[in-house]
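As a plain string of letters, each chain reads:
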Amino acid sequence: MKRRGRVLGHLLLLALVVAGFAYWYGTRLPSSSFDGKVAGEPKPVEVGEYAARVSDCVACHTTEHGKPFAGGLEMGTPLGSIYATNITPDREHGIGNYSLADFDRAVRRGVAPDGRRLYPAMPYPSYAKLSDEDIAAMYDYFMNHVEPVAEAIPASNIPWPLSARWPIEYWNLLFYREGTYQPDPTKDAKWNRGAYLVQAGGHCGSCHTPRGTAMQELGLDETDPAFLSGALLDGWYAPALRGESGNGIGRWTEDEIVSFLKTGRNKHAVVFGSMMEAFNNSTTFMTDDDLSAMAHYMKSLPRDPEPVWEYDDSTQAIFAGGMSAAEPGAQLYLQKCSHCHGRDGKARGSFVPPLAGSSSLLADTPASVINIIVNGAGRVVANGVPDSYRMPPYRVTLKDQDIADLATFVRKSWGNTGGAVTVEEVRDLRDRTNPFSDRVILLQMR
Amino acid sequence: MAFTLNINGTDMEVEAAPETPLLWALRDHLGLTGTKFGCGIAQCGACTVHVDGVAMRSCQFPVEAAVGSQITTVEGLDQDGQHVLQKVWTEMNVPQCGYCQSGMLMAVASLLNDIPEPTDADIDLYVDNICRCGTYPRVRAAIHKAAELMKA
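Line order of the protein sequences matches chains A and B. Going letter by letter, the first sequence gives residues 1 to 446 in the UniProt record's numbering. Going letter by letter, the second sequence gives residues 1 to 152 in the UniProt record's numbering.
Incorrect hints may have been included.
Unchecked claim - Derived DMTMM-like pairs: lysine to aspartate or glutamate, alpha-carbon spacing no greater than 20 Å straight-line:
id: 1; chain 1: A; residue 1: 299; chain 2: A; residue 2: 254
id: 2; chain 1: A; residue 1: 299; chain 2: A; residue 2: 255
id: 3; chain 1: A; residue 1: 262; chain 2: B; residue 2: 64
id: 4; chain 1: A; residue 1: 399; chain 2: B; residue 2: 128
id: 5; chain 1: A; residue 1: 346; chain 2: B; residue 2: 122
Calculated from the structure, these hints are not laboratory results.
Turn these sequences into a full structure, and let the hints guide you.
As structure tokens, then:
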């Protein structure tokens, strides 16, 4: 008895030591390359503002009608809701007391000054690659050029003990890789600049790279075939940014990619869905040189073997003679869609996007086509001017069956290869994008 | 930017931003006011014209995309306004206020081009233009009458 008690005691002690270490490890402050350094003299606003634009901080750290960077945007996790923080220089509610090293630890390492780990909804696995220079520029911008806002964000509803943050350090151990972007010496400066922008600040992979079971991105750079290979997030399908001619940008030239990111459109596509936020807040403000570098890098990504999309003009014949017997999707297309998108499904200039060969109509998942028919497109603003042509919402005018028929039709016409869409898929997405639904989609990770 | 548009068989120059809707190019730049503005979001059909023989809603058609196409407006349906549809329309007293009718005529002309003898179901599918006065029964009757005349 006595011996067994002693063994138990030892085991308990060991467990305590392990738990203590685990807790210490999950709350300790990692080092920063800015430890012991003080921020320099304030820089002109453009310097840091540009870096913050590229990283698109405002997209998550501002609510639709809220003050810039005051936080409060609700994001869903499997455990409950979390809220983007106030990153204005307010000393009580914001980051006003952060040193440069504190700021760096939060952005590139995902650790708050008190050792709390941030949820990886903050894309610090991507921001880890940001240069010291960009971190210092952003710090300068937030501290010296952003208005402090004395507003608290709502508290998370994740219950204890699930609300403990230190276990996130173990997620980091598995999925986070420390270290700034290291240029590839075999590639030219433009390619490296593009890779830096896409992987680090641009954090394109947050939406365009598929995620694993722990919500980790399955690849963080071009060495991984999953990187930017297309992903479903927040009810939209972010298409592949790799070289596929179908669901990818294989048919886009570098100039067309630049045009898309700068003006919101080209002859292949117009910005819609979640990309609208990335466009309105970030890419449209980037320099032509930077956009060109991103396009250059994206075009260097390899393509996976998959069928090449080719235009099939047999669809047009359907409309040219007695439609009463045609399938319901074709009839609806004629009435609701053809007036803008044409019977040929081709682009109208660079303003009305083509449906023939559209990434969303070639992808396996039909989320984007259902979502845009139900909810329409948002306001794409380029150079301060809202778009002239916009997809209207059909939430009220079309039934689930109508939308399923329509989506099925456009996903198989003009050579498109997306599969059929079911009524259940439409019903589900309609409900989950209804703000009054109790199961509305909350933004997840960006 | 300058665009050359082929309208009713004639090349015309338009100086406009590329996103300008074809409707505005027609009405404001070229003075072809037969084509009407209704809803501005391609839902009502008042602005219907033919682009390469097919009915399109010109309020949602960027002028940039109209270059190289044959555009026909209600003015080009017949030089003297004596197109069979126009005759039947007058004879059967189809229009009431008339605002939607130029778009209606263009939609019907496109329908009869595709389907010379349309059924009621065909008419419902192809001519979904909206008429505030509710002239739909007369439009339908006039379409059948015109189809008969055009066949003869």
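Hint-by-hint comparison with the structure:
Restraint check for residue 299(A) and residue 254(A): the C-alpha separation of about 7 Å stays at or below 20 Å, so the hint holds. Only pairs whose Cα atoms come within 20 Å are accepted, and residue 299(A) paired with residue 255(A) is accepted, the gap being roughly 11 Å. Taken as a hint, the residue 262(A) and residue 64(B) pair is honoured in the structure, with Cα atoms around 19 Å apart against an allowance of 20 Å. Proximity of residue 399(A) to residue 128(B) is assessed by CA-CA distance (about 18 Å); at most 20 Å being required, the pair is judged to hold.
Among the hinted pairs, residue 346(A) with residue 122(B) is inconsistent with the structure: their alpha-carbon atoms are about 24 Å apart, more than 20 Å.
Consistency note: the structure conflicts with earlier hint 5 alone.
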